[in-house]
Amino acid sequence: MQAAKEFFGKLNAPYYVYAPPYRETSGGVRAMHYLCHALNLLGEEAYVITDTVLPSLRTPSLTAHIREVHERAGREPIVVYPEIIEDNPLNARNVVRYLLNVPGSLNRRKLRWLNTDLIYTHGKDIVPPGIDAPLLQTPLINMFIYNQIGVDEHARSGSLVFIHRYLAKGGQLQSETENSKEISYRVPTRTPQELAQLYQHAEVLYTYEQSTACYEAMLCGCPVVYLPNPLLLPQPPIGYLGRDGWAWGNTEEQVAFAKSTVHKVVENYHATQIDFWDQLRSFVGETQAHAAHANRRHGGKPLFISDSPLSDAIEAYNCGDIDETTRLLTGMLESGSDAPLAYAYLSFVCAHQHLVEDADNFIRQALSLAPERAELLAALGEAFLKAGMPDKSQSYLKEAIQFQPDLFAAYPALAEAMRQCGDSESAIQLLSAAVQLPTTAQDGMFASLSELLTVRGDISALAELCLRRRHDIAAQALGINLLARTGSSPDRVLTELDRYRERFLPSPTVRRLTGKNPQQNYLTIAFLISDFRRESQNRRLESLLVHLPGERYQTLIIDNDPASDNVTETDIQRAFLVSDHWVSIHALDDAAATQALAEHTIDVLVDTDGLAIRNRQALFLSLPAELKACWSDLPIALGEIRLIAGAADLDAANEHLTGSAKLALPGIGRSWHLPDLDIRTNCMMDELQFACLTPAVRVGRESWELFADILQAHPGSRLTINLGELDVEAENFIQRIFAARDVRARQLSFIHAISTEDLCRAWNDADVGLGPIGIGSDNALATSLWMNRPCITLDSPWPWSSGAASLLRSVGLENWIATSRENYVEKALNAHHQARPVSLRDSLRTALPTPQAMAAAFDDALTRALREMRQ
Amino acid sequence: MNKPKISVIICSIDAGKFARVSECYERLLTNWPHEIIGIHDAKSLAEGYSRGILRSTGKILVFSHDDILILDADFAPKIARYLENFDVLGFAGASRVTRGSWCGAGHPYLHGVVAHALPKDRQITLNVFGTPTWPVVPGIKVIDGLCMISTREAAEQTGFDATTFDGFHLYDLDFSFSAHKAGFRVGVVCDIPIIHESAGQFDARHKHYADRFVAKHGASFDQGNFPGAMDENTSPNVPAKGAFLPDHHALLAAWKREILERTTLSIQRRTSKP
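Respectively, the protein sequence lines represent chains V and B. Numbered by our numbering, the letters in the first sequence go through residues 1 to 871 in order. Numbered by our numbering, the letters in the second sequence go through residues 872 to 1145 in order.
Next comes chain V alone, as it looks inside the complex (with noise of 0.2 Å):
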């Protein structure tokens, strides 16, 4: 469940950033102004004391007016002062020092910080000794003006240089910078976009001196020679953006250097520019800990209020202090107030201590003194729901709606009460019905509905509430893809797609000339990858990524898989020993990530999610490639792409996809890893014993409705169906269509088969599996024939439901292909009188290509392919 927030909770402690006047010619002013805007971005409040700000930053100023309401409302500010601050001009008891440079290093003055200060520091290279600064390393360059989009790196010439205080300390000019056009501002002032051309196209950046000027010249691709000197360079700057793109000293290996690795800086930064985010937020917490912490040090107390014994209650109420919320509150009672919020708190904390009684009478005298407020009701269902009382929540959450229908935000609330006291179906009705309607709750409704049709397995449903979000590019997705996968009329899906493509998509971007540097004579493929486990399961990432002749190619990884950030994920790291380039855009908007990718010159380019869940598909067809190819059962956009696919699934596709380009794999084109287990003989008796592996989150009612004739007509049948990860209520769930169906529940058995192992294991105890319908080739059906069980499966000629058909015929098991619905149901009854296979394990064996024969084939359609292209 997505954490609901906190409705009537306190809001955090708003920033006041102590940033001087905005000038685009100062790094460290930047940084403070780009703060605040983060700060802003992030959701929390963030001012500037100066009023002179850059018009394209969420930079408010901080005004009189503003600082009172703060005050009356309670919040105190934390202020951030720079580095150059050595006091509290505003006299704020909760202060964040920003070290932007080494502290005192530029004014000489005393520091006048106090213990409780907190420090951060945007480079742990300007950290005094015996400081702990956490990094916050605001990102300074924009890369929208400094980058290398269109920059020919063969025509680059001439020298730059920077001297800024080198100078007035006293420092002479060494002659190799003499005829260097100089950047610094003791020069006009030259605007961002003309210092970005200068860099553009010199050939070098000369520096006396650490500067942001320096990065900036890097990300366009302009190396930074920095000179030795003992006034502002007696050693090489540790730069937060690597060792990348600068020579210590103007010798010609330090310069080689620079000028070989300056390419990979745009990488590095944005790295940081990922980074940051995750220690923005890291601040926040901490920053806003520290303010909680010392207010209520002081009694609860802000600095600049006189008194707010409810704010401070409302505020020990969301730190879990129960005792000191009592205390508050019941002072408050004492001493006559009459704040319905004060009964309303205090029923609150009766909820969380199961009162139920005392609550009630609490919540009754709030709303005697505010009839109108229902949300008061809501919040006391939710602080029952939160105290493990569904039934309490439920009864004051239905009242609260029925007193003011409109009263969206606390639907989730409900239905999760009701589904919790075992009434998903009316929680489903009530969310169904409701998240129709257009209001601004409805994504909150939207995701706990999601939830619950998850939970229960209901993907057809989930299929079409997806549906129905028509501007929601990733629920439309995922509404295709259940869609497919729930074996709805391929019209159907095929228009959806269609619809999508032209509703999000922009044409494909297919670059005609190679322009290949002369020196290089192998391709780059660059692997577009949003799911690592997905690859590894299916064995075809990683038979590429070793096997494609290094000779012939180089590999690009364009990482779109969050779990990516997870160091120990085995896949992930694999894939990142075996690949030539790596570039994570999980984290970057399509702008962002084109601008990543945009020093790889990507020769081909492979898709391998399709309409997956983060799929990229918009940036896939947008950025240039001279191939375009797409590996993934829901391709997205035919035509000028080509699919990818095993020759058997290919073969049975042909004809309903004579519009696009074929690169044929062997067999199915995917491989499994498969343990070694013991096979177990079954005598297949009269009474079979069916199994549906396939977990149940992945198929969908009519597959289900399909077993349910199968063990209607045959009782003395039964079936096992894999939950995977699902639950009780899945099964309930299953068992309902079942029911109405007239099977009888001792027909059912459920397990919980995840791994490629479990799978094997239960197919040991089954005769004969049932492969749900639209299900392509997947674990499931892999482990039934490694385990020598037949598997009934529905023929399909679609990318999307080929798969399971082409699996069987690869190991000789036609007949067990149904060609209808009908024909499933024959070939279930008289499943007992089918000719029992021999030995699946080697047919599967045999069928399966190995990693060798996947890349030798691959490379060979890749080749036929580029060269039918140039003919």
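If you're looking for bench data, these hints aren't it; they were derived computationally from the structure. A quick note: this is a predicted structure, and the numbers were derived from the prediction, not measured. Virtual Cβ for every residue (Gly too), placed ideally from N, Cα, C. A hint or two may mislead.
[Said to hold, decoys possible] Simulated pairs of lysine-lysine, DSSO-like, Cα-Cα distance not exceeding 30 Å:
1) V:Lys-124 to B:Lys-1078
2) B:Lys-991 to B:Lys-876
3) B:Lys-1078 to V:Lys-259
4) V:Lys-124 to B:Lys-991
5) B:Lys-930 to B:Lys-874
6) B:Lys-1127 to B:Lys-914
7) B:Lys-1087 to V:Lys-264
[As the list claims (entries may be wrong)] A few chain V residues facing chain B, derived, Cβ under 8 Å:
8) Thr-212
9) Val-546
10) Arg-574
Given the structure of chain V, go ahead and fit chain B onto it with the hints provided.
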């Protein structure tokens, strides 16, 4: 198969580590003639290993740190077989010597594979320096001392210089480079998974012994401008490629010839971009 006796010489002042590494070797050398010699009062690693050589009786000598773990049941037959064509073997090293650290040579002169599992780290780091040939890279000049394997002849003739290297640094480079200069064939083994529970310390002490190494061997250093060579003052990152793995099962699954060879190619591409 002929089974030459293996003497494992371990300098250790940590009884727990010594017990653990000894147990590892006992398991690896079951059914193979061997002895484990513990030196627990070494003044320096060179001094300790020198004493170890004198006490040992094996034909093959293994000079081992006490914080390593070797994960290959075929350790003994493999090293016996490789020592038919080599005299000294290590797990990581360089085929060029330009300064007082083996990793300063840069790619493509760095070779070998080592995993690191630092105390309290939740992951094992697999560091690939390069496996241009398999299973042993020939033409090596210096090797890292985490585990050095030598024929008795090479060890006795080369010896450890306990006078110059009277601490805990650079004894390994001195030993291997001296062996190389004496005409012994030095190689780096790639197909024996090994975990080292510490990383090198490149501190002032290291610098002190690096200077001694340069003073002793500087005249024999490789000359010229090597493309991957690093400036030790400014380049803390060794040109290797690494992966963080959750456990030794994942490590063994990654320690495969085809994976390591492809990784080597990717390092080459990364460090020599046109």
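### Message
Tell me the numbers of any earlier hints that the structure contravenes, in ascending order.
### Response
Hints 2, 6, 7, 8 are the ones this structure does not satisfy, whereas the remaining hints hold.
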